[in-house]
Amino acid sequence: MKTADLINALAAEPPPPPLRLGRRVALALVLGAAISAALFMTALGPRHDFGAAAHTLRFDLKFVDTLALLLPSALLAVRLLRPKARPGALIAALVAPFVLLGGAAVVELVVTPADLWMTRLVGTNALHCLTLIPLMSIPPLAALIVAMRAGAPSHPALTGALAGAAAAGAAATIYATNCNDDSPLFVASWYPLATLVVVAAGALAGRKWLQW
Amino acid sequence: MRAALAGDEAAYRRLLEEIGRSVRAMARGAFARARVGDADIEDVVQETLLAIHLKRGTWDGGPRLAPWVNAIARHKIIDAMRRRGVRRAEPIEDFEATLAAPADEDPHVRSDIERVMQKLAPRQRDIVTAISLEGQSIAATAARLSMSEVAVRVALHRALKALAVAWRSATQ
Numbered sequence: 006m007k008t009a010d011l012i013n014a015l016a017a018e019p020p021p022p023p024l025r026l027g028r029r030v031a032l033a034l035v036l037g038a039a040i041s042a043a044l045f046m047t048a049l050g051p052r053h054d055f056g057a058a059a060h061t062l063r064f065d066l067k068f069v070d071t072l073a074l075l076l077p078s079a080l081l082a083v084r085l086l087r088p089k090a091r092p093g094a095l096i097a098a099l100v101a102p103f104v105l106l107g108g109a110a111v112v113e114l115v116v117t118p119a120d121l122w123m124t125r126l127v128g129t130n131a132l133h134c135l136t137l138i139p140l141m142s143i144p145p146l147a148a149l150i151v152a153m154r155a156g157a158p159s160h161p162a163l164t165g166a167l168a169g170a171a172a173a174g175a176a177a178t179i180y181a182t183n184c185n186d187d188s189p190l191f192v193a194s195w196y197p198l199a200t201l202v203v204v205a206a207g208a209l210a211g212r213k214w215l216q217w
Numbered sequence: 003m004r005a006a007l008a009g010d011e012a013a014y015r016r017l018l019e020e021i022g023r024s025v026r027a028m029a030r031g032a033f034a035r036a037r038v039g040d041a042d043i044e045d046v047v048q049e050t051l052l053a054i055h056l057k058r059g060t061w062d063g064g065p066r067l068a069p070w071v072n073a074i075a076r077h078k079i080i081d082a083m084r085r086r087g088v089r090r091a092e093p094i095e096d097f098e099a100t101l102a103a104p105a106d107e108d109p110h111v112r113s114d115i116e117r118v119m120q121k122l123a124p125r126q127r128d129i130v131t132a133i134s135l136e137g138q139s140i141a142a143t144a145a146r147l148s149m150s151e152v153a154v155r156v157a158l159h160r161a162l163k164a165l166a167v168a169w170r171s172a173t174q
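Same order as they appear, the protein sequences are chains A and B.
For the working numbering, count along the first sequence from 1 and bump the result up by 5.
For the working numbering, count along the second sequence from 1 and bump the result up by 2.
Hints were generated in silico from the structure; no laboratory data involved.
Keep in mind the model is a prediction, meaning the values are calculated, not measured.
One should not assume that every hint holds.
[Stated by the list, open to error] With a straight-line cut-off of 35 Å between C-alpha atoms, the simulated DSBU-like cross-links for lysine-lysine are:
1) A:Lys213 to A:Lys89
2) A:Lys7 to B:Lys163
3) B:Lys121 to A:Lys213
4) B:Lys163 to A:Lys89
5) B:Lys163 to A:Lys213
6) B:Lys121 to A:Lys7
7) B:Lys163 to B:Lys121
Go ahead and model the full structure; you've got the sequences and the hints to work with.
Take a look at the structure:
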């Protein structure tokens, strides 16, 4: 087939409806997170002292952390869906969760006596944290990858990894309502580890399914 | 592109022809620099045009189209060169099959797209052939295959998407 013949076929196709990548990705994220939240509510639900905990700084800080991961990675993933996209200043926002976690951990080390450090770091839910966050990331990550297949990322693995970070952020936000360990020492140790698993899964998924 | 996305078929055709010419030049240059022969440049051009067509929604509508086109072309050219590197390591039987093909045939007969077309469902292949090789309109094809125009449009779109997927997997 000559190139001119192929052009015949391409030109015969009517134009597609406008592609709203941002909206697509946002919808996928909300849908995936809703599925995770529904499963979470039936199996676990938030912790019993949720109302009291919501007034403590350490508890609330967990949500600042997880949302600080979710928002920039989702926005950056959307941007990278277009060929020739540049990450721009958004890439700087990706360090926000780490700065927050690191800063909070330092403050926690200052305000708590040294003999409590290990107890707080190890906590009581480390295994829960490491399994539940990756598990609850599956629905949002899957939804994101499906939605993102409409895009054309120049770096599929990186874009998939960012989708993984966003999915982990959503899952961690839901999980944090149940987790009893609020110390920044615990959060800074285990949440990133759980996130890393999802980021790696996202990168693999991106390489496999976001190629075009 | 703006006119094309608004449904101007003639403008789209002119645009694709123009893009084809610049992609061909780009691919020639890249292949020459990498010291690989440019016998299947046309395959790269076709694969790039198909990608541009299928991903035309990802153009952000900004003032310049060229950076977007170049990014897609570069992506596809690099892909194609990588695959050429892999192809050299293929088992010998495949090589013999290639060498055995008559040399005086029209080069287009052996092009990737012909092989990839074999992977389409028969009905899809009919539609692509009618519209591309025979230059028929969607309406005429619909009448000949006694399908609705919408069905032909959907089938054509699916066929083009399948073509892009098959292309990637067949030559990888």
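Hint check:
1. A:Lys213 to A:Lys89: holds, 20 Å
2. A:Lys7 to B:Lys163: Status holds; Cα separation ~18 Å.
3. B:Lys121 to A:Lys213: At roughly 21 Å apart (the allowed maximum being 35 Å), Lys213 of chain A and Lys121 of chain B satisfy the hint.
4. B:Lys163 to A:Lys89: With a Cα-Cα distance of about 22 Å, the restraint between Lys163 of chain B and Lys89 of chain A holds, given a limit of 35 Å.
5. B:Lys163 to A:Lys213: Roughly 17 Å between the alpha carbons, so the hint for Lys163 of chain B and Lys213 of chain A holds.
6. B:Lys121 to A:Lys7: holds, 18 Å
7. B:Lys163 to B:Lys121: holds, 12 Å
The earlier numbered hints are all upheld by this structure, with none contradicted.
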